[in-house]
Amino acid sequence: MTKKTLGLALATLLALGVGGAHAQDKLTLQLKWVTQSQFAGYYVAKDKGFYKDAGLDVTIKAGGPDINPSQVIAGGGADVIVDWMPSALATREKGVPIVNISQVFQRSGMELTCRKDSGVKTPKDFKGRTLGVWFYGNEYPFLSWMDKLGYKTSGDGNSVKVLKQGFNVDPLLQKQADCISTMTYNEYWQLIEAGMKQDQLLVFKYEDQGVATLEDGLYATEKSIADPKMADKLARFIKASMKGWDYAIKHQDEAVKIVLDNDASGAQTKGHQVTQMQEIAKLVEGGKLGYLEPKAYERTVTTLLSGKSDPVINKKPENAWTHKIWDMAQK
Amino acid sequence: MKLPVSQLLAIGAMAAALATPAPWSEHPAAVVCALVAIAGGVLCLRRWPPFMEHMIALSALLIGAAAPLLLLRGQGPFGLQAPGLWLFLAGWTLFLWRRLDALADIPGRGAAALIAPGLFGVALLYLWQVLVVGFAVPQVLLPTPAQVGHVLATRMDILWPDFQQTFLKAVLAGFALGSASGFVVAIVADRIPFLKRGLLPLTNLLSAMPIVGIAPIMVMWFGFDWQSKAAVIVVVTFFPMLVNTLAGLASVDAMQSDLMYSYGSSYLQTLVKLRLPSALPFVFNALKINSTLALIAAIVAEFFGSPILGLGFRISAEVAKLNVDVVWAVIAIAALAGSTFYGLIAAVERASTFWHPSYRT
Numbered sequence: 108m109t110k111k112t113l114g115l116a117l118a119t120l121l122a123l124g125v126g127g128a129h130a131q132d133k134l135t136l137q138l139k140w141v142t143q144s145q146f147a148g149y150y151v152a153k154d155k156g157f158y159k160d161a162g163l164d165v166t167i168k169a170g171g172p173d174i175n176p177s178q179v180i181a182g183g184g185a186d187v188i189v190d191w192m193p194s195a196l197a198t199r200e201k202g203v204p205i206v207n208i209s210q211v212f213q214r215s216g217m218e219l220t221c222r223k224d225s226g227v228k229t230p231k232d233f234k235g236r237t238l239g240v241w242f243y244g245n246e247y248p249f250l251s252w253m254d255k256l257g258y259k260t261s262g263d264g265n266s267v268k269v270l271k272q273g274f275n276v277d278p279l280l281q282k283q284a285d286c287i288s289t290m291t292y293n294e295y296w297q298l299i300e301a302g303m304k305q306d307q308l309l310v311f312k313y314e315d316q317g318v319a320t321l322e323d324g325l326y327a328t329e330k331s332i333a334d335p336k337m338a339d340k341l342a343r344f345i346k347a348s349m350k351g352w353d354y355a356i357k358h359q360d361e362a363v364k365i366v367l368d369n370d371a372s373g374a375q376t377k378g379h380q381v382t383q384m385q386e387i388a389k390l391v392e393g394g395k396l397g398y399l400e401p402k403a404y405e406r407t408v409t410t411l412l413s414g415k416s417d418p419v420i421n422k423k424p425e426n427a428w429t430h431k432i433w434d435m436a437q438k
Numbered sequence: 022m023k024l025p026v027s028q029l030l031a032i033g034a035m036a037a038a039l040a041t042p043a044p045w046s047e048h049p050a051a052v053v054c055a056l057v058a059i060a061g062g063v064l065c066l067r068r069w070p071p072f073m074e075h076m077i078a079l080s081a082l083l084i085g086a087a088a089p090l091l092l093l094r095g096q097g098p099f100g101l102q103a104p105g106l107w108l109f110l111a112g113w114t115l116f117l118w119r120r121l122d123a124l125a126d127i128p129g130r131g132a133a134a135l136i137a138p139g140l141f142g143v144a145l146l147y148l149w150q151v152l153v154v155g156f157a158v159p160q161v162l163l164p165t166p167a168q169v170g171h172v173l174a175t176r177m178d179i180l181w182p183d184f185q186q187t188f189l190k191a192v193l194a195g196f197a198l199g200s201a202s203g204f205v206v207a208i209v210a211d212r213i214p215f216l217k218r219g220l221l222p223l224t225n226l227l228s229a230m231p232i233v234g235i236a237p238i239m240v241m242w243f244g245f246d247w248q249s250k251a252a253v254i255v256v257v258t259f260f261p262m263l264v265n266t267l268a269g270l271a272s273v274d275a276m277q278s279d280l281m282y283s284y285g286s287s288y289l290q291t292l293v294k295l296r297l298p299s300a301l302p303f304v305f306n307a308l309k310i311n312s313t314l315a316l317i318a319a320i321v322a323e324f325f326g327s328p329i330l331g332l333g334f335r336i337s338a339e340v341a342k343l344n345v346d347v348v349w350a351v352i353a354i355a356a357l358a359g360s361t362f363y364g365l366i367a368a369v370e371r372a373s374t375f376w377h378p379s380y381r382t
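Protein chains in written order, with the numbering used here: chain A, 108 to 438; chain B, 22 to 382.
Calculated from the structure, these hints are not laboratory results.
Keep in mind that the hints are not guaranteed to be accurate.
Straight-line C-alpha distance at most 20 Å; calculated DMTMM-like pairs for lysine to aspartate or glutamate [unchecked claim]:
{"no.": "1", "chain 1": "A", "residue 1": "K402", "chain 2": "A", "residue 2": "D306"}
{"no.": "2", "chain 1": "A", "residue 1": "K282", "chain 2": "B", "residue 2": "D246"}
{"no.": "3", "chain 1": "A", "residue 1": "K268", "chain 2": "B", "residue 2": "D178"}
{"no.": "4", "chain 1": "B", "residue 1": "K190", "chain 2": "B", "residue 2": "D178"}
{"no.": "5", "chain 1": "A", "residue 1": "K259", "chain 2": "B", "residue 2": "D246"}
None of the values given here were measured: they were computed from a predicted structure.
Throw the hints in and build the complete structure from the sequences for me.
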């Protein structure tokens, strides 16, 4: 061997060794929707280096119209997902063993927005009206609410007409529906931006109607939680993510800038994201950051089980959540 | 004497399977069925009158098919830990293959000639069932035919209204309107040459528009109900009909049109008595294309906004809930509807264009 080859070999070995010492644990997060302030905490944690400091190399996969996070984790495409509890519990009942490891949103942002000129004043006026719902896993709270009010979603009699709306607000603008599903932080503001005035709209918040279910939470598989190495990774992930959320809520302008920088599609606008960040902060606050309140969980389960005609889940879920990872993250 | 190698292989595989690991001992009934299949296979080595041979083979196959099903009713383990099961299945499939070969030689177009394709279809369903259960494929990836059949049997309360919404309302209306308008515009364009030259490139452009692009626009224009789906179908079926009718009208023999000229017939008489009948094979060609296009367009369009009814809506809603067996049931209904529709048009075509060379076989 010549001196040059030997030198090269030594340099390569050194580089590999040095690289090996700083190897970060890889983790994939699947978001519930496209890149927007709804997920600011995770993007802030990534860009501000909180994940790196925790020894994690996190890949954030944005969601979208055809992406159901529960299916992604069932297929092995992610280690941890952001999902809504009704969808996660329904998936769990189907045989995919996902478990809630953290509850990020303490309050629900879901609401039904109606045009005042349609004549709807209270939920009692819904009979015979056209209401829009997204489906793709978001229909569960709506179906529970209709069941609670005593409306059927098909046929004659005490029923409402339901539309499977797309992910836009056109049905309300074009008067094709009397009311549509909106989130306090997203579609409602799309209506305002499209030219509607706040006094033209009537909003029924699911929280006020007593049918709110828990929304954005972090879920992982039973297998991941049982594996000590993976559980440790998840705990570090939760700790860094909550640090990210705390930072995002306290520095909202910077958080919006980070979200916009990470938006590969370029579809988001600053104004919309600033309003969204303000609304999201209202949903995240109000308890221990990322902690799942067992009472809130019970409320969600009761709402989902109470559907008489088309229940979202058929039996009470067992071991669907755990504080183990959150407790590990507090150390 | 020529040895039927494949038949011997089939018998050999089935016999060897009984000695290979598989839960044979727990299911004596399965062993009996397997032995019957082997006996049938051995009997078929001898020459019998055709009808008897078919009956022996088919009975042996039918009873033999019960063996894997009986084995799978047990606890397991199956998959790669029960090679006896798969060896038997391989032997049985080879036996079936030989029998289908022999059955396919039945001449004629009667019911007897349908046995081979029918049997092939049923055998595919059977193999699907055994393989999925045997290898414990998760239900969310691929359900068994039994589960799909169960959904078809029990959920007709939602599937029938879905079918009415998509097929009876959107598809039929859109298909009729789209094909009729394509036909009429073709006749007009044939009469007015500048229209033909100008319209064809434009409609070519229209037809290249993807359904996923047109559908949301139609929903915005025509609302959420079946009308917007019919509108999408009209856009999609217009062009094939237009192009085919124009080609058909132009397909007239020079001698035949000279004959009409020599009779002093007017444009309208030539059109009705010579050119339209001559264009019929082309028109039916377009109708057959449009029948499948219409169903696809309706189902895809429903993904973009619909009332909570319809085959496309059912697929998208149930796949999100991971009810994959319902999705497959909807697929089965759509496939059946599409093939029946196509078959009906083909039957009408046969009745009205029997004179065309393509039928003189």
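Hints, one by one, checked against the model:
1. K402(A) <-> D306(A): Since the Cα atoms of K402(A) and D306(A) sit roughly 35 Å apart, the hinted pair is violated (cutoff 20 Å).
2. K282(A) <-> D246(B): holds (14 Å)
3. K268(A) <-> D178(B): holds (18 Å)
4. K190(B) <-> D178(B): holds (18 Å)
5. K259(A) <-> D246(B): It holds: about 19 Å lies between the C-alpha atoms, which stays within 20 Å.
Hint 1 alone, counting from the list given before, is not met by this structure.
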